[in-house]
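For the protein sequence lines, the chains are A and B, in the order given.
Okay, so the first sequence: first residue is 1 according to the numbering used here, each after it adds one.
Okay, so the second sequence: first residue is 1001 according to the numbering used here, each after it adds one.
Treat the hints as calculated values from the structure; they're not laboratory data.
Don't take each hint at face value.
Pairs of lysine-lysine residues, derived as PhoX-like cross-links and limited to a Cα-Cα distance of at most 25 Å, are as follows [stated by the list, open to error]: (1) A:Lys-82 to A:Lys-104; (2) A:Lys-32 to A:Lys-104; (3) A:Lys-165 to A:Lys-101; (4) A:Lys-101 to A:Lys-76; (5) A:Lys-162 to A:Lys-174; (6) A:Lys-76 to A:Lys-174; (7) B:Lys-1039 to A:Lys-162; (8) B:Lys-1048 to A:Lys-162; (9) A:Lys-174 to B:Lys-1015; (10) A:Lys-167 to B:Lys-1039; (11) A:Lys-184 to A:Lys-104; (12) B:Lys-1039 to B:Lys-1059; (13) B:Lys-1059 to A:Lys-184; (14) B:Lys-1076 to B:Lys-1015; (15) A:Lys-92 to A:Lys-104; (16) B:Lys-1059 to B:Lys-1047; (17) B:Lys-1015 to B:Lys-1047; (18) B:Lys-1059 to A:Lys-167; (19) B:Lys-1076 to A:Lys-165; (20) A:Lys-174 to B:Lys-1059; (21) B:Lys-1015 to B:Lys-1048; (22) A:Lys-167 to A:Lys-32; (23) B:Lys-1039 to A:Lys-165; (24) A:Lys-213 to A:Lys-184.
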Amino acid sequence: MGNVIAVISGKGGVGKTTTTANIGLGIALNNKRCVVVDFDIGQRNLDMILGLENRVVYDIVQVMDGEASLSQALIKSKMNDKLYFLAASQTKDKTALQSEKISKLIESLREDFDYIILDAPAGIESGYEHTIEFADAAIIVVNPEVSSIRDADRAIGILDSKSQKVKDGAEVAKYLIINRIDAKMVQSGEMLSSSDILDILGINLLGKVPEDKGIIDASNQGKPIILNPNSAAGQAYKRIASRLCGEDIDMPELETVQGGFLQKIKGIFK
Amino acid sequence: MFPWFKKKGSASTAKDRLTIAIMSDRDNNNSYPFMAQMKAEIIEVVKKYIGVKTINITKDVEGDFEALSIEVQLDKNA
Chain A
1 MGNVIAVISG
11 KGGVGKTTTT
21 ANIGLGIALN
31 NKRCVVVDFD
41 IGQRNLDMIL
51 GLENRVVYDI
61 VQVMDGEASL
71 SQALIKSKMN
81 DKLYFLAASQ
91 TKDKTALQSE
101 KISKLIESLR
111 EDFDYIILDA
121 PAGIESGYEH
131 TIEFADAAII
141 VVNPEVSSIR
151 DADRAIGILD
161 SKSQKVKDGA
171 EVAKYLIINR
181 IDAKMVQSGE
191 MLSSSDILDI
201 LGINLLGKVP
211 EDKGIIDASN
221 QGKPIILNPN
231 SAAGQAYKRI
241 ASRLCGEDID
251 MPELETVQGG
261 FLQKIKGIFK
Chain B
1001 MFPWFKKKGS
1011 ASTAKDRLTI
1021 AIMSDRDNNN
1031 SYPFMAQMKA
1041 EIIEVVKKYI
1051 GVKTINITKD
1061 VEGDFEALSI
1071 EVQLDKNA
């Protein structure tokens, strides 16, 4: 039975879709069968990030409505044959998602895959609630910035009251990813540190991802940055995916600027 | 060490402001889905003994410590 993980953020533009794509591919690189599902109805984007936009024939709503079978709609990744993708529909109809149909779809995905990663829409509207409804766990993506953190806390609050697991008396696991960390700014006290953010949100840290200009290039090409061995963000996603697969991987210090002369002097006096 | 070398950044301001904003958000929103039903049931029980005008239930969170405060407003005329 597969593990269902929703990737959520509250605020848009913090790197939720990029995170979903990279984690999905990372899990597949760990030799597990993984499917990434775009739940952002009306604003399909995961297909672009994965470089699969030309392969989409059927989407998630067509599968739920019985107009296409799951195997017709699932698209195999060009980069890894353990990774599959299910596209969001581009309909503007917000009522396209219904609990009963989502539950049925997720149950059949659980049979075929080890990991089912759901990319939630931004915001805390019904589309978001439907994404978290049947998830076993949630990955919360934040940037070290006030509006992202506040919106994430609201999204976590809704997760804690609306998820089916919570209604059944169980707990939904929550993991935090802090994305776009600028070490220099954290060092000079201009950016919230990861320990500040953990104090405020009170959930477990899954990983830290540094700011990386290569992300734009990766999305331009439709090749997730995890495939770039020289990218710091790519390496961070690799560690996160391995942690999700149950490996015990060290959390490297991303918030200290390394190698500078002043840094070495400060190190002596510490 | 050498605090006068450190330029004071705005991260600590962000942390303080966020902590307060989030605490107040949670007070307003973090109620349980069963809250309305529990409230109705408590009113039924108390009503057996004394007149009740209304009940306010609030959830307070302070670090790891969480508490429900139940305030029963009595109805003098009942």
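Satisfaction of hint between A:Lys-32 and A:Lys-167, Cα-Cα up to 25 Å: violated, 30 Å
Pair hint outcome, A:Lys-167 versus B:Lys-1039 [Cα-Cα no greater than 25 Å]: holds, 18 Å
25 Å limit on alpha-carbon distance, applied to hinted pair A:Lys-82 and A:Lys-104: holds, 22 Å
25 Å Cα cutoff - pair A:Lys-174, B:Lys-1015: holds, 21 Å
Pairwise hint evaluation, B:Lys-1059 against B:Lys-1039, where the allowed Cα distance is 25 Å at most: The hint holds at about 13 Å.
Agreement of B:Lys-1015 and B:Lys-1048 with the hint, judged by alpha carbon distance not exceeding 25 Å: violated, 48 Å
Satisfaction of hint between B:Lys-1047 and B:Lys-1015, Cα-Cα up to 25 Å: Answer violated: B:Lys-1015 to B:Lys-1047 is near 45 Å, above 25 Å.
25 Å Cα cutoff - pair A:Lys-92, A:Lys-104: holds, 23 Å
25 Å Cα cutoff - pair B:Lys-1048, A:Lys-162: Distance of about 34 Å is beyond 25 Å: violated.
Distance restraint between A:Lys-174 and B:Lys-1059, which requires alpha-carbon spacing of 25 Å or less: holds, 21 Å
25 Å Cα cutoff - pair B:Lys-1059, B:Lys-1047: holds, 23 Å
B:Lys-1059 paired with A:Lys-167 [C-alpha distance capped at 25 Å]: holds, 18 Å
The structure does not agree with the numbered hints 6, 8, 11, 13, 14, 17, 19, 21, 22 stated previously, though it agrees with the rest.
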